[in-house]
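Participant: With the sequences and hints as input, model every part of the structure.
The lines below spell out each chain.
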Amino acid sequence: MSEGPSPVILTDSSSGDAVPAILLSQIGEEQISDWNQYWRPALEETLARLRANQVPKSRWPQSAHWDWEFKTKQMRGLLAFRGFAVIAQGVTQGLMRVDLNHNARLPAQAGKPLVYVEYLETAPWNRSDIATPRYRGVGSALITAAVDLSLEEDFRGRIGLHSLTQAESFYRDACGMSDLGPDTMYFNLRYFEMTAQQATAFLR
Amino acid sequence: MTLNLSEAEMQALDELSVKKDLSKTAVLRQALRLYQTIEARLELGHKLFIEDTLQNDKSELMLL
Amino acid sequence: MATERDETWWRARAEREQGHFIAAGALAMDPDFASAFRPQLVEREQSRVAFGKFIELMRRSKGWTVEDLASEADLEIGDVLLIEDDLTVLPEPRTVYQLARVFKIPQTNLMQISGLSVPRDPNLRQETVRFAARSQSVERLSDSEHLALEQFVSVLSRAAVESASDQSNPADENDS
Chain E
0 MSEGPSPVIL TDSSSGDAVP AILLSQIGEE QISDWNQYWR PALEETLARL
50 RANQVPKSRW PQSAHWDWEF KTKQMRGLLA FRGFAVIAQG VTQGLMRVDL
100 NHNARLPAQA GKPLVYVEYL ETAPWNRSDI ATPRYRGVGS ALITAAVDLS
150 LEEDFRGRIG LHSLTQAESF YRDACGMSDL GPDTMYFNLR YFEMTAQQAT
200 AFLR
Chain Y
0 MTLNLSEAEM QALDELSVKK DLSKTAVLRQ ALRLYQTIEA RLELGHKLFI
50 EDTLQNDKSE LMLL
Chain W
0 MATERDETWW RARAEREQGH FIAAGALAMD PDFASAFRPQ LVEREQSRVA
50 FGKFIELMRR SKGWTVEDLA SEADLEIGDV LLIEDDLTVL PEPRTVYQLA
100 RVFKIPQTNL MQISGLSVPR DPNLRQETVR FAARSQSVER LSDSEHLALE
150 QFVSVLSRAA VESASDQSNP ADENDS
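Protein chains in written order, with numbering that gives the first Met the number 0: chain E, 0 to 203; chain Y, 0 to 63; chain W, 0 to 175.
Derived by calculation from the structure, the hints in this document are not laboratory data.
Using N, Cα and C, we set each Cβ at its ideal position, and we do this for glycine too.
Among the clues, some could well be false.
To be verified - Here are a few chain E residues that face chain Y, going by a calculated C-beta distance under 8 Å:
no.: 1; residue: A79
no.: 2; residue: G110
no.: 3; residue: E152
no.: 4; residue: D153
Facilitator: Laid out in structure tokens, this is it:
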């Protein structure tokens with residue numbers, strides 16, 4: 000799993016058909032280019048409404064771009080960071096970056112290393128906060144990749160992440176992760192962890 | 000690649016291996032990852048601080 | 000290690016996603032919400048603009064074309080063009096390192112103004128903004144551009160000397 004691309008199957012929401020896809024174990028220039036070319040414009044349309052009352056337009060869109068590129072460039076070549084992408088129909092459908100330097104916080108596994116999901120995002124057209132997400136299964140494929148990596152690295156399937164507010168139910172209910180509550184050190188996002196047992200159940 | 004570790008080093012490796020529930024190789028991998036990450040940050044001019052949460056004291060970890 | 004996963008396995012997971020929104024990490028957050036926590040970003044943009052201008056002026060002050068600079072610094076021409084023209088793209092650390100060597104500018108300072116590392120020196124920050132405002136893109140370096148460039152170079156070099164003398168305490172070396 001750690002080297003070449005591996006097959007994934009998504010579901011087309013409207014037709015219900017199976018859509019063949021691949022999981023890449025890195026985030027390359029093509030994925031960043033897709034992010035710039037396809038994700039950002041779609042995202043900005045949605046954000047235009049919100050932005051009306053807030054931060055001046057001159058400030059924001061560049062900053063999102065900056066942060067992503069900035070972090071990607073800084074991490075390049077470092078062993079502790081791994082990128083993943085799901086590609087279908089020649090376009091990046093989801094991105095994830097993980098950090099292998101983290102320890103678990105859940106008392107049952109405190110201090111033990113886990114795969115920490117620093118960032119996970121699906122393409123705007125796959126988000127369930129728009130009318131009909133195009134493909135389902137992208138997020139799951141990425142979480143599966145994180146758990147697989149955790150097993151490969153001897154971390155027993157343990158993973159951790161900070162969930163966006165709207166995603167909490169996915170991690171808690173669909174993935175069966177433990178909810179450690181809002182993290183005041185991290186934008187008050189809820190922090191979730193998956194134990195070895197939960198990982199086994201998740202992969203079943 | 001053969002590692003030449005002293006007794007004390009082997010013992011430390013053993014202890015970490017048990018504590019972290021990792022094989023010895025995995026412990027060394029973690030050490031390498033952490034070392035490389037820290038070096039990369041230091042090269043960018045960042046500094047590494049350790050916080051003593053009990054004493055509410057933060058100090059710089061000099062890694063020159 | 001990953002067992003063969005058939006279509007049924009994947010489809011079941013896709014089904015479980017029904018009605019769920021999936022994302023993690025601050026980078027995935029609604030940018031307007033996130034921007035409240037990261038005021039440093041705008042500064043980084045300004046710095047990046049100054050960096051591009053600086054490299055361009057330094058190159059022109061030596062009478063070099065883009066190709067000349069690329070050759071001197073052992074860089075791709077595309078990298079140099081990105082630095083000078085595409086002010087939204089961040090340079091690679093190696094590119095900044097090479098430029099620092101060629102122009103004999105302290106690397107840590109160039110890293111800061113390139114946007115790759117967080118600016119720590121308030122004086123450098125101020126001077127960077129000032130420099131960006133004063134430099135314009137014209138064919139030949141004007142007298143005022145020359146002056147602006149010289150002054151900025153001296154600030155960059157001075158900042159490095161000052162911070163180097165801050166760190167010259169003979170602290171005990173800790174084995175890590």
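Participant: Confirm or reject each hint.
Facilitator: Hint by hint, here is what the structure shows:
no., hint, result
1, A79, "4 Å, holds"
2, G110, "7 Å, holds"
3, E152, "7 Å, holds"
4, D153, "4 Å, holds"
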